[in-house]
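Chains as they are written, first to last, in full-length UniProt numbering: chain E, 1 to 399; chain R, 1 to 330; chain F, 1 to 319.
In the SDA-like style, the derived pairs of lysine to any residue whose C-alpha atoms are separated by at most 20 Å in a straight line are:
1. E:10 to E:25
2. E:17 to F:147
3. F:9 to R:281
4. F:143 to F:154
5. F:221 to E:83
6. E:16 to F:207
7. F:221 to E:89
8. R:19 to R:59
9. E:134 to F:218
10. E:17 to F:143
11. F:40 to R:62
12. R:78 to R:7
Label pairs and their calculated CB-CB ranges:
13. E:35 to F:220: 31 to 37 Å
14. E:16 to R:124: 41 to 47 Å
15. E:329 to R:106: 47 to 53 Å
16. F:40 to R:74: 37 to 43 Å
17. R:305 to E:2: 57 to 63 Å
18. E:245 to F:10: 41 to 47 Å
19. F:44 to R:74: 43 to 49 Å
20. E:301 to R:145: 33 to 39 Å
21. R:309 to E:245: 38 to 44 Å
22. E:2 to F:220: 26 to 32 Å
23. E:126 to F:142: 32 to 38 Å
24. F:8 to R:68: 38 to 44 Å
Hints in this document: simulated from the structure, not taken from any laboratory. Ideal Cβ placement from N, Cα and C applies to all residues, glycine included.
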Amino acid sequence: MSLLELDGVKVHFPVKKGILFDRTIGHVYAVDGISLKVEAGQTYGLVGESGCGKTTLGRAVLRLVDVTDGSVVLDGTDVAKLPEKELRSFRRRLQMVFQDPLGSLNPRQNIESILSEGMAAHGIGANQEERREKIREILAKVGLPANSLSRYPHEFSGGQRQRIGIARALVLEPDLIICDEPVSALDVSIQAQVINLLEELQESMGLTYLVIAHDLAVVRHISDVIGVMYLGALVEEAPSDALYEEPLHPYTRALMSAVPVPDPEVEERRERILLTGDLPSPANPPAGCRFHTRCPWAQPKCSQERPELTDAGGGHKVACHFTREIRAGELAPAGGPDAVVIPAQPEAPEAEKAEGPEKAPKPEKAEEAPKAEEASGESSEDSPADSSEGSPEGSSEKE
Amino acid sequence: MALLTVDELTVTFGGRGRKDVRAVNGVSFSVDQGQVVGLVGESGCGKSVTSLALMGLLPAKGVTLGGRADLDGTDLLKLSPSKMRDLRGRDMAMIFQDPLSSLNPVVPIGVQVTEILQRHRGLKGEAARKEAAHLLDRVGIPDPARRLKEYPHQLSGGMRQRALIAMAVACAPRLLIADEPTTALDVTIQAQILELLKELVDQEGTALLMITHDLGVVAGLCDQVNVLYAGKVVESAGRRELFAHPTHPYTHGLLGSIPRLDAPRGEPLHPIRGSINDQIAWADGCAFAPRCDRYEMECLTGTPELTEPRAAGHRARCANPVLATTEVPA
Amino acid sequence: MSIVTTASKIDRLAQLTARTETASGTSLWREAMRRMRSSKMAIIGAVIIAGFVLLAIVGPWVAPYGPAEQTWRGEVFSNRGEFVGARAENWFGLDHLGRDMFSRMLVGARQTLLVGVVSMLIGLLIGAVVGIVSGAAATLGGKAGRRIDDAIMRVTDILLALPSLLLAVSVAAVLGQSLTTVMIAVGVVQIPVFARLLRGSMLAQGNSDYVLAARSLGIRKRRIVLTQILPNSLSPVIVQATLSLATAIIEAAALSYLGLGNPDPAVPEWGVMLSAAQRFFDNEPMMSMYPAVGIIITALGFTLLGEAMREALDPKLRG
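Hey, can you work out the whole structure from these sequences and the hints?
As structure tokens, this is what we get:
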């Protein structure tokens, strides 16, 4: 049995309006039917752009927001239906690491107080001395100096603050740690420190993570299984390597092609799918497949029927009506004004693998797409790149 | 000749009883016509302050500027505020990180765009409106005539950044400064915006100074890259050269810290130890030394010079540079 | 590389990076105090207030004459417009009843301070209790809590909607003419201000990540309110308290001016003195000037201190 099992989880927020009395005039479908399983000792990565509901889902698992429908079962207990009283003590088993390391630490508490508060609430350690002993042990594990105890959050650097946040989760010895954008607020050189720390801790303490992030590269680096979210639902779920080897859902492919690689050679040759248009509002999601408004491969069926997440072989699950056809290259991307698909340059050995023979809808672009030649390459390359680190994505999603 | 030449730029913040802080400590670089130049670094390296100094947008009080910044022979740092205002928008324009707070929330997009056209190009009435619609169309905003009447909050993040870009290129400036233009945006939207910037540079011959912390963006966009650390350029090279042979241990470390989508999984990252706070004054030695695995005694005796230890045109400020290509980032 | 050079370069680096790091941390309150000490505004404000408090304590003892002694009654004829200004004997001159203005100012400082402090405390304490209940209910009370909060806030809205002076006058009308009346009247007016402020501040803090973190740790709600939300919501309230001390003194003066203050001539208060002197403003403006300037300087002192505190406590300026 899996450690954590979500089954059909829905979180809908009512939209209220009114001068004197609020009336519910609609719902924001932040999370709309998600089922997934997290195995003990593993890392499940949940990736998606802002507004896809990933942060809400993380909070729903912790019951920091109420679950509208579905079940969140941790080790046989349904968190979504736990009465308030039992929930409080159950929370020890589910901990969270937040995106904003400074904002998630009470500025007026020193480190000892921050770390011992949760222990005191759950009766861990007989007295403050015992707790302090345990805190010292954990501080050493997360790589903080022993004299940190009486210092305050503002006296630490960003990376150290995130270590404090991790320590706060660890002292309670939780079964599952939810990391919500654990590194996106940190500088690049510090991100790597924290990622490595999370991995080391997992190895030495046998931790289970649910990592929520918008940065596909980070998620791929630390996850065993990745779920890709779009508008409140999973569109694809696969073991990390399989997802990278062969992303099957058009959205995953677009997302993957938009992640910049710090290597000009790769940047110039890889496949690029430029989605135009914006994310539809989760308050008014499109009918049928939620991605059909931006999908280069969209067919009439896609706007009528919502595809289920189905296994395409080897535990690789996709929610797309035309997985097989797109995979086999039988369906060409329609493109039009809504998407640009620039195929990978075949002569590049180290570039991402070529994605079948789909034709670029704007041939002039494909033709001027660069070869390895340096001078011409620089003027005409069309690589989409993004700056994924440090984007304040999770916070905007809260609203 | 270079369009913009920045020579030994220094920016010092002081006053209010606090100790002076030198945010930019002798930065030199140049931007040619139609070239994309990157200023890369982490928070606190002085990249944004550099761009604000060039645009004349730093507060007059408590800030001391030093060095030169020549735009076509005019020293931007010595320009009077009114001359600077004439120059801004017409010859050089800036795109900011946060498109929402850079737009006036209570004024329709159209008015904000036509304002610039009126100020710098003397366009009025219908002509200005037509040109504004044309500009929005140019940056890929669908249905521009309708969008002109809308307010910033009615546009999505990507659309707002497009509108800002339209305002920046309204007068066909020769130099465009983009300060983290995509950091606030989603990955797929970022891809669109970068595509647009690239197109503008290609077609209009505008020079672009790209300020970012993201080496991935740089890899796909910039011709020339300057890496900043603690207010100084520590490495400067052409894009391919820089990524193929990062020579300064900081650049080397940065590249080793980034999880790459195309790297085999399970390969550990090689972070740089410590944090930006672990720093020594440039006067005493290399500011990066406390975080560096390769520092030697000579790194701790005076400011290291920018030299060309590897190849012509590839400069690095390091006494013990990484030269072997096979070396693992550490 | 030899061990010696390795060791020496490590030493050199340690020497260059040497920072004075205290083992015991500096809390934000201590930070704020440090910043206050280096702020001119705070120092000037504190000096003024210290002088005022000192005056309030020692005033009655150092006053050369009794505040109610009409020693020079024969020299002042207010109905004929004959007054006595500043002279060697009476530094501030005499009032309309032939009393020494300087002595009355010294003695009056105590009453003025009392009015300011007590009425501010009334507003602060009651307002804070209302604010905490409302804020706690709104942030962590769920649906029922939001209803309670709504109800409380509607009541304070009504209080806020009444013009403050009118409210004070009505309180005074019920309780009669006395210094207590003035203090209660001025204090009551401050209640909704403090309540609203604290509640708003708590709501803002209640949405922060560290409160979410505390909830996910499984900490009891009451404890979250007391240890997490409340300490972080206090800064604006403290600033407001200082500022409202200033307005309380001015408002108390206004009430006294309208004739609602303490009628006892032996207990002078600056506001009452000002109110009495205004009748003779045409003939002897200086008589109004002394209490007026006294009130203005005191209010300025509290305002300066309050503004300096606002700056020192502002998290955006932290650094």
